[in-house]
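**Student:** Take a look at the letters that make up each chain.
There are 2 protein chains.
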Amino acid sequence: MPSEFELIDRHFASVAAQAADVVLGLGDDCALVQPPASDELLANSTDTLVEGVHFLPDIAAEDLAWRLVSASVSDLAAMGARPLWFSLAITLPDGNDAWLAAFSRGLKAALKAYSITLIGGDTTSGATRVLTAHVQGAVKPEQALKRSGAQVGDLIFVSGTLGDSRAGLELLSHAVDSADYEFLTQRFLRPTARVELGRGLTQLASAAIDISDGLLADLSHILKASGVGALVHLEQLPLSDSLAALYSEEQSQEWAATGGEDFELCFTAPAGRRDEIQLLAKELGLELTCIGEIRSENGLQVLSQGEPWAVSGAKGFDHFGEEESL
Amino acid sequence: MPSEFELIDRHFASVAAQAADVVLGLGDDCALVQPPASDELLANSTDTLVEGVHFLPDIAAEDLAWRLVSASVSDLAAMGARPLWFSLAITLPDGNDAWLAAFSRGLKAALKAYSITLIGGDTTSGATRVLTAHVQGAVKPEQALKRSGAQVGDLIFVSGTLGDSRAGLELLSHAVDSADYEFLTQRFLRPTARVELGRGLTQLASAAIDISDGLLADLSHILKASGVGALVHLEQLPLSDSLAALYSEEQSQEWAATGGEDFELCFTAPAGRRDEIQLLAKELGLELTCIGEIRSENGLQVLSQGEPWAVSGAKGFDHFGEEESL
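The listed protein sequences correspond, in order, to chains F and C. For the first sequence, the positions run 1 to 326 when my numbering is used. For the second sequence, the positions run 1001 to 1326 when my numbering is used.
Careful: at least some of the hints might be erroneous.
Facing chain F, a subset of chain C residues (Cβ under 7 Å, in silico) [unchecked claim]:
# : residue
1 : PRO1035
2 : ALA1043
3 : GLY1120
4 : GLY1121
5 : THR1128
6 : VAL1130
7 : ARG1147
Derived Cβ-Cβ restraints for the label pairs, each shown as a range [said to hold, decoys possible]:
#  : chain 1 : residue 1 : chain 2 : residue 2 : range
8  : F       : GLN203    : C       : ASP1097   : 43 to 49 Å
9  : F       : GLU249    : C       : ASP1097   : 41 to 47 Å
10 : C       : LEU1231   : F       : SER38     : 43 to 49 Å
11 : C       : LYS1224   : F       : ALA101    : 20 to 26 Å
12 : F       : ASP94     : C       : ASP1097   : 31 to 37 Å
13 : C       : GLY1052   : F       : ALA310    : 42 to 48 Å
14 : F       : GLY52     : C       : LYS1224   : 37 to 43 Å
15 : C       : PRO1308   : F       : ALA13     : 31 to 37 Å
Among chain C residues calculated to face chain F with C-beta under 10 Å, some are [unchecked claim]:
#  : residue
16 : ALA1031
17 : LEU1042
18 : LEU1049
19 : VAL1050
20 : PRO1141
Please keep in mind that the hints were generated in silico from the structure rather than gathered at the bench. Glycine included, each C-beta is placed from N, C-alpha and C at the ideal position.
In isolation and in its complexed conformation, chain F is listed as follows (with noise of 0.2 Å):
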């Protein structure tokens, strides 16, 4: 097996792109980087993704480095943040020579994407895998999308289509070769952190979110932060084409309810931002869906077809070793 220095040199020193801010990269006790411009605050964000919890033991490298950049990254979406640098730790159980150069092509290809720059990590060996990333972003204090902006009277609204993630979560475990299974299939994959939104609505969302753990768990936490309630219409939730080609409305519905790991960001706004917003969502060729409004009564009430909604999983993954930001 060749020294854990040689892997490093040769897996992830290409991966380092020079960025002009990065003044000193891997290879010392610390990175140095120069710091945003003082008008501007620092967004930090950790994500864990560990084997057998957060992915499936087969899959593949690529993928989980994509998987890895995009959730991490999803987190400075939803701030409004521009990104700026990423760490990784990485447990592994061998060094796997094929396996860590599919991965680090995976996380070249997904830092790019994003334009965010490796500065340094640690890799350590483990009987499980487990990546951590830590992302850094810049954005100004008083465009910062906090969860705790919402306001009575406020729309809210949820980027992409909703539940693709969750479905292609499914479908994995089958082998159907077909358009819908390969979309769905990279909607769980492949999932694209929404930077972009995020950036355009520094100056209309009053309160922003990613669909990390499912549409209603994550609007709570806007809800609770904000100090407000919610009526979301179950029928509003965009559902992609293919999500309702494959599965029955009953269960697309939930999925996109519930399902996590969309990463799609639901945000709140004043009411008459809505024509702002809908040239926001045509600029960026994302589709912007209104789902619901903020009201004053405290919780968050689901209809469907006029009649409360509810469904066992209906508070998304709120158990112990689930993603959560401290």
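Once you've looked at the hints, dock chain C against the given chain F.
**Tutor:** Only chain C this time, still in chain F's reference frame:
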């Protein structure tokens, strides 16, 4: 089992002390922090501890927290940076309440000792305990203690005493009730990152590294980065009274040369700065010992009583799995 969110609220909320530069702490998509003044750089480092690799399964939770914080802050010390922010990723097999309470107590005490603020993280479940810390600090560009600054003729110094941590690890499997046992095991379980020393060296040292893999392995990183060689005298390595009391001279010297995780600093400085270095040692109440000098010949030569010294483990932990920054 309490939900994950309850666990976080219960154990970590109180650890995240308020700091003037933390604009938004735990509980949103990102933490928002005020970057340092524009004449400083941000120093970033990542460290992972894996159960069974870096710590024994029966380690006390408070000791584990202390080791994690010290090991990661030690990289800031080696860069001459002042500690700012700490992010924690923690993977545990279960949500053991008593364990988490003890861990968060240890975390709080260690963070306070180094004046570093918890700003976020991620908690996940997984079969093996894995802890990753990301630390950030600030240092002026011209004061950063890089590995690459050692010059021919510079003297080589180390802080404190070496080999204690390695002996402490050995002693943990015995139950000896003595002051020496206590000293050495505490050196392993509760190492001290030399932050004040690193700050004091920013105007004195030409290169620095913290001793995590073992003196000779870590000094080799300085030599490689600086493109120089070195001569080290084995007899000059500083040994604690406790190490000398419990182990033979030969064993003590071997551990001082190759044992890891003392988290002392190894640094180089021009011979003309020797008096200032001894003054700093006096101010800090910390021994700073000259152990050799930088030479133009490539490689690291170690002499024992004037003869070349070699030991099987002399290269330190150079295999896949041990701690190493990317």
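**Student:** Next step is simple, just say for each hint if it's right about the structure.
**Tutor:** Going down the list of hints, with the structure as the test:
1. PRO1035: holds, 4 Å
2. ALA1043: This interface hint holds because 4 Å falls under the 7 Å limit.
3. GLY1120: holds, 5 Å
4. GLY1121: With a minimum Cβ separation of about 4 Å from chain F (threshold 7 Å), the hint on C/GLY1121 holds.
5. THR1128: Because about 5 Å separates C/THR1128 from the closest Cβ in chain F, which is inside the 7 Å limit, the hint holds.
6. VAL1130: holds, 5 Å
7. ARG1147: holds, 5 Å
8. F/GLN203 - C/ASP1097: 43 to 49 Å: Given a distance of about 44 Å, which is inside 43 to 49 Å, the answer is holds.
9. F/GLU249 - C/ASP1097: 41 to 47 Å: The hint (41 to 47 Å, Cβ to Cβ) holds, given that F/GLU249 and C/ASP1097 are roughly 42 Å apart.
10. C/LEU1231 - F/SER38: 43 to 49 Å: Check passed, 47 Å falls within 43 to 49 Å.
11. C/LYS1224 - F/ALA101: 20 to 26 Å: Taking Cβ atoms as reference, C/LYS1224 and F/ALA101 lie about 24 Å apart, which means the hint holds.
12. F/ASP94 - C/ASP1097: 31 to 37 Å: holds, 34 Å
13. C/GLY1052 - F/ALA310: 42 to 48 Å: holds, 44 Å
14. F/GLY52 - C/LYS1224: 37 to 43 Å: Cβ of F/GLY52 to Cβ of C/LYS1224: about 38 Å, so the range 37 to 43 Å holds.
15. C/PRO1308 - F/ALA13: 31 to 37 Å: This hint holds: roughly 33 Å between Cβ atoms.
16. ALA1031: Hint on C/ALA1031: holds, closest Cβ of chain F at ~5 Å, below 10 Å.
17. LEU1042: Interface hint status for C/LEU1042: holds (5 Å vs cutoff 10 Å).
18. LEU1049: holds, 8 Å
19. VAL1050: holds, 4 Å
20. PRO1141: holds, 7 Å
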